[in-house]
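Given chain D's structure and the hints, the job is docking chain X onto it.
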Amino acid sequence: MATIDVAAERDDGGDPVLEVENLHTQFPTDRGVVRAVDGVDLTIESGEIVGLVGESGSGKSVLAESVVGIVEEPGEIVEGDVRFDGESLLAMSDARRQAVRGGRISMVFQDPMNSLNPTLTVGEQIAETVRLHQDVGESVSLPAELKRKIVGAAKNGDAWRRAIEMLEAVEIPEPEARAADFPHQFSGGMRQRAMIAMALSCEPDLLVADEPTTALDVTIQAQILEELEGLKDEFDTSILLITHDLAVVAETCDRVNVMYAGEIVERAETEALFADPQHPYTQGLIASTPQLDEPDRDLQPIQGNVPDLIDIPYACHFAPRCPEAERECFEIEPEFRPVGDSDAPGDGGTHEAACLRRGPDGERL
Amino acid sequence: MWRYITKRVAHAVLVMWMVATTVFFGLRAVPGGPVRGMLGQEATEEAVARLREDLGLDEPLAVQYVEWMTDLLVGDFGTSITSSEAVGTLVAQAVPKTLSIAAFGVTLGLLVAIPAGVIGATRRNEPADYAATIAAFLGISMPAFFVGILLAVVFGVWLGWFPVVGYTNISEGVVPWLRGIVLPGIAVGLPYAAGVTRMMRSSLIETLDEQYMRTARAKGVGDSVRLYKHAMQNALMPVVTIAGIQLALVLGGTVTVEIVFGIQGLGRLLVDSILERNYPVTQVAILLISGIFVFMNLLVDIAYTAIDPRVRYGGEQA
Numbered sequence: 001m002a003t004i005d006v007a008a009e010r011d012d013g014g015d016p017v018l019e020v021e022n023l024h025t026q027f028p029t030d031r032g033v034v035r036a037v038d039g040v041d042l043t044i045e046s047g048e049i050v051g052l053v054g055e056s057g058s059g060k061s062v063l064a065e066s067v068v069g070i071v072e073e074p075g076e077i078v079e080g081d082v083r084f085d086g087e088s089l090l091a092m093s094d095a096r097r098q099a100v101r102g103g104r105i106s107m108v109f110q111d112p113m114n115s116l117n118p119t120l121t122v123g124e125q126i127a128e129t130v131r132l133h134q135d136v137g138e139s140v141s142l143p144a145e146l147k148r149k150i151v152g153a154a155k156n157g158d159a160w161r162r163a164i165e166m167l168e169a170v171e172i173p174e175p176e177a178r179a180a181d182f183p184h185q186f187s188g189g190m191r192q193r194a195m196i197a198m199a200l201s202c203e204p205d206l207l208v209a210d211e212p213t214t215a216l217d218v219t220i221q222a223q224i225l226e227e228l229e230g231l232k233d234e235f236d237t238s239i240l241l242i243t244h245d246l247a248v249v250a251e252t253c254d255r256v257n258v259m260y261a262g263e264i265v266e267r268a269e270t271e272a273l274f275a276d277p278q279h280p281y282t283q284g285l286i287a288s289t290p291q292l293d294e295p296d297r298d299l300q301p302i303q304g305n306v307p308d309l310i311d312i313p314y315a316c317h318f319a320p321r322c323p324e325a326e327r328e329c330f331e332i333e334p335e336f337r338p339v340g341d342s343d344a345p346g347d348g349g350t351h352e353a354a355c356l357r358r359g360p361d362g363e364r365l
Numbered sequence: 001m002w003r004y005i006t007k008r009v010a011h012a013v014l015v016m017w018m019v020a021t022t023v024f025f026g027l028r029a030v031p032g033g034p035v036r037g038m039l040g041q042e043a044t045e046e047a048v049a050r051l052r053e054d055l056g057l058d059e060p061l062a063v064q065y066v067e068w069m070t071d072l073l074v075g076d077f078g079t080s081i082t083s084s085e086a087v088g089t090l091v092a093q094a095v096p097k098t099l100s101i102a103a104f105g106v107t108l109g110l111l112v113a114i115p116a117g118v119i120g121a122t123r124r125n126e127p128a129d130y131a132a133t134i135a136a137f138l139g140i141s142m143p144a145f146f147v148g149i150l151l152a153v154v155f156g157v158w159l160g161w162f163p164v165v166g167y168t169n170i171s172e173g174v175v176p177w178l179r180g181i182v183l184p185g186i187a188v189g190l191p192y193a194a195g196v197t198r199m200m201r202s203s204l205i206e207t208l209d210e211q212y213m214r215t216a217r218a219k220g221v222g223d224s225v226r227l228y229k230h231a232m233q234n235a236l237m238p239v240v241t242i243a244g245i246q247l248a249l250v251l252g253g254t255v256t257v258e259i260v261f262g263i264q265g266l267g268r269l270l271v272d273s274i275l276e277r278n279y280p281v282t283q284v285a286i287l288l289i290s291g292i293f294v295f296m297n298l299l300v301d302i303a304y305t306a307i308d309p310r311v312r313y314g315g316e317q318a
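These protein sequence lines are chains D and X, in that order.
Take 1 as the starting number for the first sequence in full-length UniProt numbering and just add one per residue.
Take 1 as the starting number for the second sequence in full-length UniProt numbering and just add one per residue.
Just chain D, same shape as in the assembly (with noise of 0.2 Å):
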């Protein structure tokens, strides 16, 4: 069976859960064709809570959608790769795609106050998912799905006693009565842990968490983050955890990549990243972000905007708002290049940045 190879591969340790490689997804509209994600590295190993960090409009959450499978049309996926577990998820049929997303890949979105079915009961919802990736002995279809719908699902099996664990795991408070209630019965904070209980209900092997803390207060977030990096350990679930807020990148990642205008500019051990940002782009990021042991710093916001991703016509897309750039900046496309201090603590030799203005001597612009 697939999932004890996997356990057997996780036990050599080292093998990543994700791969994407030199993606693409692309949107054609009436003005041009919108390159959201457009050469996108990025790999996650087993157990590891990788970052994604942008501005909005940056193309985080298309490629969220390109790596669960759930590109919205017109949008395609037009170059590239998405492995997991070393196997393409582009080559996949259709009928295993859909097997592998919620089962063993699952997503959090960022707004929980609609990303839940309003008609559907919140057990239900989490049950659902059980019934569809594991085997409970539960038809899962379309008529078994309405008679379950119109007469009410039982409260006797597998996959309902699963869903009402799933909540208790994400410490919903008497999780049976409450796994009956409708979502407009729950916070919002409730609603994004029901969420989170539905994505992990089957363990998946990668969780991509989109934003899941944006829409929350900010002591909800907290708690939400705190009991993400739990259920993390708990399931033995990788994340790739989505977000503009480099506070909750600072507190949950191991690893950390910033992207720009569909690209990813710099990818970094989270403490390399803050403590010795490379990328113009990224030390722009933080020096626009208030810091509470710096209260008197002034913030400096990156003068501009992202841009439209339509036809961006120089070769670094951060080149017109980056304060360093050069007419090379606008002609030479910028590789990765290793930077920082590879002997500074927590920085593993990882830490790459593309931009012609840095990297190693005689390298740099």
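Read the hints as simulated data drawn from the structure, not as lab findings.
All clues stand as given, with none of them false.
Example chain X residues on the side facing chain D (calculated, C-beta under 10 Å, incomplete):
#, residue
1, 210
2, 213
3, 219
4, 225
5, 228
6, 229
7, 307
8, 309
9, 310
10, 313
Okay, derived cross-link-like pairs now, SDA-like style, lysine to any residue, Cα gap no bigger than 20 Å in a straight line:
#, chain 1, residue 1, chain 2, residue 2
11, D, 149, X, 222
12, D, 147, X, 228
13, D, 149, X, 240
14, D, 147, X, 307
15, D, 147, X, 224
16, X, 7, X, 292
17, X, 7, X, 303
18, D, 149, X, 303
19, D, 147, X, 303
20, D, 232, D, 222
21, D, 147, X, 233
22, D, 149, X, 307
23, D, 149, X, 225
24, D, 147, X, 305
25, D, 149, X, 237
26, D, 149, X, 223
27, D, 155, D, 134
28, D, 147, X, 226
29, D, 149, X, 224
30, D, 149, X, 233
31, D, 149, X, 306
32, D, 149, X, 213
33, D, 149, X, 305
34, D, 149, X, 226
35, D, 147, X, 222
36, X, 7, X, 298
37, D, 147, X, 306
38, D, 232, D, 45
39, D, 149, X, 228
40, D, 147, X, 225
Owing to the predicted nature of the structure, the values given are computational and were not obtained by experimental measurement.
No residue lacks a Cβ here, since even glycine has one placed at the ideal position from N, Cα and C.
Relative to chain D, chain X alone:
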């Protein structure tokens, strides 16, 4: 939920009272009265005054109003001015005809509209969608009586499949009854179906775009389960509302369609009585038509408790 239903019922009763009041005063504000029409232009002042007294029209409006209201409450609908028949009897003969036509039209309309709307939404911008859209726009732009005339000419006169005139009681057999109401039923049902189809299509398209539909996709739910289990119930909410409101179209349609097909229904009764200033009949006919409308919309409100858990559990006010 029971609080919600009680509230809706109280609301419906209030609306009916307002309709009755408006009809009463509205009718009397229309120039002309029944007496002159009955007696002719040459009638003497004394004759007119005598008849007015007989009919109770010489009383102050307020007195007439209170009298009518109390009569209504005990179920006395009064007597027709022109034929001295009980209004209750006249109406009892007319209501089954109108209801048959309307019920046939609405059933047919919904049976056509909901699948057509679903096809339009799920095959957006494909030939089937265009066909449904064009048909719906034709339906919206053609009044019921015009559809009725077309149907009568084609299926009644040319093909001779259905009777062109008249109505057969259901007591004389289901098939003759059905044959009598098929054409008028289609005539009122088509414009109705058109409106509901448009609503079904746009509502389902909107629902399919909702974030919870993306959630369903992300957890690996298949296409048909997603459509019928996850989307349908949400998409039906606005459709049910429109289906209730559009009933006015059906009831309005029957008034003219009954005349096209020579059926002595409520609509026919209403038009004739208005022309004769036959106040008691007009009042009751309008009251009944609005009563049917209000009652159906009350059913719609109650149907909401089945469709929308937010209403059922009193979380949000619909």
